[in-house]
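Based on the hints, put chain S with the ligands in the right spot on chain A.
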Amino acid sequence: MSAYVLLEDGTRFDGEAAGALEGFGRDAESFASVAATGEVVFNTAMCGYQEAVSDPSYRGQIITFTYPLIGNYGVSGDHMESDSVHARAVIMREGIDREDSALAEGGWLTWLADGGIPAITGVDTRALVRHIRDQGAMRGGVFGGELSEDDAMDLVRAEPSMTGADLAKEVTPGEPVVLDPLNAGGGPRIAALDTGIKDSIVRNLRERGATVELHPCDTSAEALLARSPDAVFLANGPGDPAALDYIVETVRELIGQKPVWGICLGHQLLCRAVGLDTAKLRFGHRGANHPVKDLATGRIDITSQNHGFAVLGPGGERTIDTDEPVRWDTDFGAAELSQLNLYDRTVEGLVLKDVPASTVQYHPEAGPGPHDSLYLFDRFMETLAA
Amino acid sequence: MPRRDDISKVLIIGSGPIVIGQAAEFDYSGAQACKVLLEEGYEVVLVNSNPATIMTDPEFATATYIEPLLPASIARVIERERPDALLPTLGGGTALNLARQLTEDGTLERFGVELIGADYDAIRRAEDRELFRVTMKDAGLRVPRSVVVESIGEAERALPDIGLPAIVRPGFTMGGEGGGIARTEVEYRERVAEGLAASPIHQVLIDESVIGWGEFELEVMRDRNDNVVIVCSIENVDPMGVHTGDSVTVAPQQTLSDPRYQALRDQAITVIRAVGVETGGSNIQFAVHPNTGEIVVIEMNPRVSRSSALASKATGFPIAKIAARLAVGYTLDEIDNDITRVTPASFEPTIDYVVVKWPRFAFEKFPGADGSLSTHMQSVGEAMAIGRTFKQAFVKAMRSRELDVERTAFPDDLLAALETPSHDRYALLFEAIRQGATEEQICARTGIDPWFMAEIAALARGEDPEAGLQRCFKAVDTCAAEFEAATPYFYSGWERQARHEVDRGERPSVVILGSGPNRIGQGIEFDYCCVHAAMTVRESGRDAVMINCNPETVSTDYDTSDRLYFEPLTIEDVLAVIELERPEGVIVQFGGQTPLRLAQGLADAGVPLLGTPVESIHLAEDRPSFGGLLAEVDLKGPPYATAGSPEEALTAADGVGYPLLVRPSYVLGGRAMEICYSREGLADYLERHSNDSASVPNPSRTAEGGRPAGTIFLDRFLENAIEVDVDALCDGESVRIGAIMQHVEEAGVHSGDSACVIPAMSLGPEMIRQVETATERLALRLGVVGLINIQFAVHGDDELYVIEANPRASRTVPFVSKAVGVPLAKVACRLMLGERLADIELDIPAVPGHVSVKEAVLPFGRFPRADSLLGPEMKSTGEVMGVASDYPAAFGKAQAAAGAELPISGTVFISVTDGDKPTATQLAASLHDLGFEVLATGGTAQAIRRMGVPVERILKLSEGSPNVVERIESGGVDLVVNTPTGSGARADGYEIRRAAVARGIPCITTMSGASAAQRAIRARRSDPPEPIPLQELHGNRSAAGRSPAAAGRASE
Ligand SMILES: Nc1ncnc2c1ncn2[C@@H]1O[C@H](COP(=O)(O)OP(=O)(O)O)[C@@H](O)[C@H]1O
Ligand SMILES: Nc1ncnc2c1ncn2[C@@H]1O[C@H](COP(=O)(O)OP(=O)(O)O)[C@@H](O)[C@H]1O
Ligand SMILES: [Mg+2]
Ligand SMILES: [Mg+2]
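Which chain is which? The protein sequence lines are A and S, in order. Under the working numbering, the first residue of the first sequence carries the number 1, and numbering increases by one thereafter. Under the working numbering, the first residue of the second sequence carries the number 1, and numbering increases by one thereafter.
Worth flagging that the hints you see were computed from the coordinates, not collected in a lab. Keep in mind it's a predicted model, so treat the numbers as computed, not measured. Hints are not guaranteed to be accurate.
According to the in silico footprint, chain A covers these stretches of chain S (three or more CB under 8 Å from chain A) [to be verified]:
hint, segment
1, 225–232
2, 341–347
3, 456–467
4, 475–489
5, 496–503
Partial pick of chain A residues on the chain S-facing surface, computed with a CB cut under 7 Å [stated by the list, open to error]:
hint, residue
6, 11
7, 14
8, 44
9, 46
10, 48
11, 94
12, 102
13, 103
14, 113
15, 124
16, 129
17, 130
18, 302
Distance ranges between label pairs, derived from CB positions [unchecked claim]:
hint, chain 1, residue 1, chain 2, residue 2, range
19, A, 10, S, 575, 26 to 36 Å
20, A, 317, S, 842, 56 to 66 Å
21, S, 470, A, 1, 14 to 24 Å
22, S, 486, A, 148, 36 to 46 Å
23, A, 317, S, 294, 24 to 34 Å
24, A, 100, S, 615, 51 to 61 Å
Note that CB positions come from ideal geometry on N, CA and C, so glycine has one too.
Here chain A stands alone, though its shape is the one from the complex (with noise of 0.2 Å):
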């Protein structure tokens, strides 16, 4: 059954569908019932499909794999990165649903389906990732075969624009969650501000000993520090970090408090927080192969990304034109930039001189992607430690 992509500046791409989108009825309603709109943008990594559609940093945006075989080993509850798929729909080149790798659980297509996903496949999708990659990401949508592009377009321009969306909301816990250490224990006390924190941060988290507490992330500061912990941990989550300014009031009472560290999300509210400013990236970062610089140690990790919006440099600029730990002042003290990212020169970590805390725009927990930065999760757990 045929399926298309539709860009809100008209350019469509065919295919079939696949997912959700495939044997539905017939009839224009129930297309656009699941037919689904979204901000598409692409992944380049050639694995971990489905750690990228379950990592609630994806939530409303349509992800195009830039790898063309999608599904070859099936999926598994081992590769979920939270309890359900958050993003609106996949495209790929060709879907594959096999479920005789020994590691499968299922077929990839068919779990899409169960999980109700729509799901597009037979795109040539390097063209449309050409396309996004010189015009930049925007809104579109995967529709049936059958419904009107007149209609299509009416959905994508019902799609609110990514600039400015709350969606950390949506994927926050209802209830504060506390999860105990993976090993003998006795580590620190961590609360994160759950955003939409991805299981393989937990993990990395519990696995040194942490105790790990999930606050919803309209949690006010004294309600946070009421439970006294050790850290507070700023999670990776969807959105525009600037229309979460309820959030960056929280963690302006928490800096200073006690040690703060963030991850991607994290970072740019840590960074707003403090003054800083962020702002929307062409195409974003959504890969596993960025060269990250360690200024301090001038090591590179290859690492990996998933973020639209990045943080400005101190003179506002989009990229820093040096390898020196430049530096910013903050309401907090000096800010100086521990990391540097290779490929575009965009701002990817920093620290705060007078308080302790640190952040770091990428992802060291890996889940899908290179462990090159675990160690970031040792450094966290020394600097309790001591």
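Only chain S with the ligands this time, still in chain A's reference frame:
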């Protein structure tokens, strides 16, 4: 850290002749490295014995030495050049082992030469399998259980622990040579015995088998700051047990989940750190248990390799180039990714297509060698294809192989047959599926992963991954389109709608058709010519467009041409590129038979061909019409006839007269050609070749000149004729001869297999003149524009016969170019582009001031059960060159370079046909005078004794024991001279030659070869001649040291 300024002169060692397991990939890597180092302003000293390489072109180094790759000769070069550093990681196992030896014998220290790239300890930790195991264990990694043994006894004691099947690997041999799989106790003893014999240090490693586990390779790069990146992952479709070089492989890996892949990645990084490769690339091989995911480390190569070349072509990440920069001090983040130009080399390529590599085998050429695959590599080449999906890439790679024969008859029990991996296992697999076997059944027998099985089965069932889609050309860009690609490197994929990424620009372009996968008879020599064509086209101000599918080569380096299309060389695929390129013309003359076969089809499609017109090609290739043409220009060819059936052949034969040479019509490299001395012999040949109906000529590749397959050609065989090879240039009006080569072996030994010498040693001025005029007449009559190669046989004193004429660049063009110091292929290309010989200043010396000898390198060591006898069917995989001021010295060098260094003293064994006995006695006499013990069988011994030369008689194998074969095997013989008494697989001669090959003793099968050897032995006893670089031989004619980038678009 930036470029090192404390070193200024770097020595690079090449990998020598093309052999199975070490092929053109090292020319690609080496050439890249030379280029980079020159660009960085270093002086480059290069040593390589292989003339058919781009890297040995004078402009690729400051000083280029064509010398044997032996410690002694390299030491002489070091002494003369005094380099500051030796970069040993670009010349395969050969260069690494030389670096090890030169360290151990103190040469490097004596002359203060620093090893860069990989140091001595790293080399040993990686190359010494025992040390490697220990290193891995210390690093906490798992390796297969294994023991090192030095006797059968030890091996038997180890058996209970290792268990069967077991993997036997001789110490210090290359490409798994001499090793294998032992499935039974009997095999176990055999393999160990063979292994011990094959190992120079009489040591074998016996491994626990992990046959059937998934086999994965990672290409890893490390810089001096300990930054490590994985360039590419490669998964073998054929699981463990089939050498990666013989396996169908895929990039990137397909079946591992992210956690499993990351585990491999983590281990690869641990391995390169543990082994301590300071900078550069390494290839690391793993076995992964399909269910448990358990990982064992198989080996690591601390250097560029066949796989690193594949990885470079598969991703666009130029490993060798970057390895060279890292070796001289740069770090990954200081080097640009020259595909994107905006990102650094410190990243991991991510690809948005699928790459499939297929091996190319040549078992049909080695009767007696069974076609089964094992842990030692047997393929002679490979083809790579890029597709949007696995299926697209897989079928494209299959069609890229250009098989000459296709299997049509199959065993009854296909599933049973599939249990032993064989060179045509996929043909069997396809057939099994067609006959209804289930995927599960086949997975169970082959261990092939169900994912691959499903994809392949779909193809076998007739799914066409291109059906209903449009071909579109997409770019290889290292980054899945995240950044704009600056380098025009394309492949065709099939999509709903053709959206081409090619920006052809305005400049006129010329398309050069490459030679496809290397195979016996068509190897690196032709790639060399194609690369020269590309350089010349670019110099002419046109865009050079390359089409080829061989990942090993320089021609498929994106730096070589203005646009590279990685495509199969079939008419459809080529026409698709041409439609897009709209070239000024297409060059079919440089890629061997492959493009020549396409010439007619291209012409029919109205494509302008540059150079020699297609009619002439046809005229020369179609033997009957060629016969007519010879008569016209009154030249003689041997009497011949063609026959449509065995019966016809027998009658026609009487007309032609015996002895005669028979061949089927679809020959390449003299395939299936044999000499028949009698009607019985002929009948027997026809008999044997009617039975290999199991393989029929591939329909797309039948007879030259489109004669129906099955046609039989009969030529009168000219006995004891001197064979002469000529390469000449022609612009249609005048002719310039590049060189006249005299073969050392007489006609009857394929030109590709016989040694030859420039200048011709024993042809009188009169005969030389005859050869020259014959060449002129033929070239002009054929209207050749470009190159022509003619093979003559000089029979008796003054009879000149034309054996064949190839209106194209020949195998000998690189050798001749280096011998006379004129780049023939470049000149030929200029002629094709319209220049006239008259306007090109060529100083081709009438008689060069030095003697150049080309010697062929044969793969018999890899096919222990095949006869090592030379004949009209070509069997060599590569060649070496020896240059010196006189013939014997040059011949000696060539022999040494070919791996059969002649002994200076010891025992010579002689056994020859009656016809050869007179010459043999002379030989025995002079060898005796040189102090050799002479050993001979009955008849020969008698003849020698009559000359009054002391000789020990020894029994033939058939005469009982103790016999000569035993003596050879026990190491009691240093040189074998054995001329064939007719063929017949298991004859004494066969056993003698097999034993000699097994022991690596020089084995000479022609009297002319023997007397040359005798002279060379005499020469070897005086001091070795001083090595002289090409640049001096040819009086710097070739702008030494100029960066070759200047010869085309600058590469950075
Ligand atoms: N323990 C083993 N069990 C099964 N197959 C093996 C084992 N070790 C090696 N092999 C096979 O033999 C091939 C060659 O072994 P390798 O160590 O890579 O030698 P080489 O130096 O020739 O590459 C490998 O590609 C693999 O398929
Ligand atoms: N009539 C002949 N008499 C003697 N030797 C011959 C004759 N024809 C061919 N040969 C030998 O066979 C070899 C291969 O024959 P050739 O016609 O060159 O086939 P190919 O096309 O494979 O080069 C030649 O190099 C030569 O040594
Ligand atoms: Mg290997
Ligand atoms: Mg020939």
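Index of numbered hints that the structure contradicts, given in increasing order: 3, 6, 14, 23
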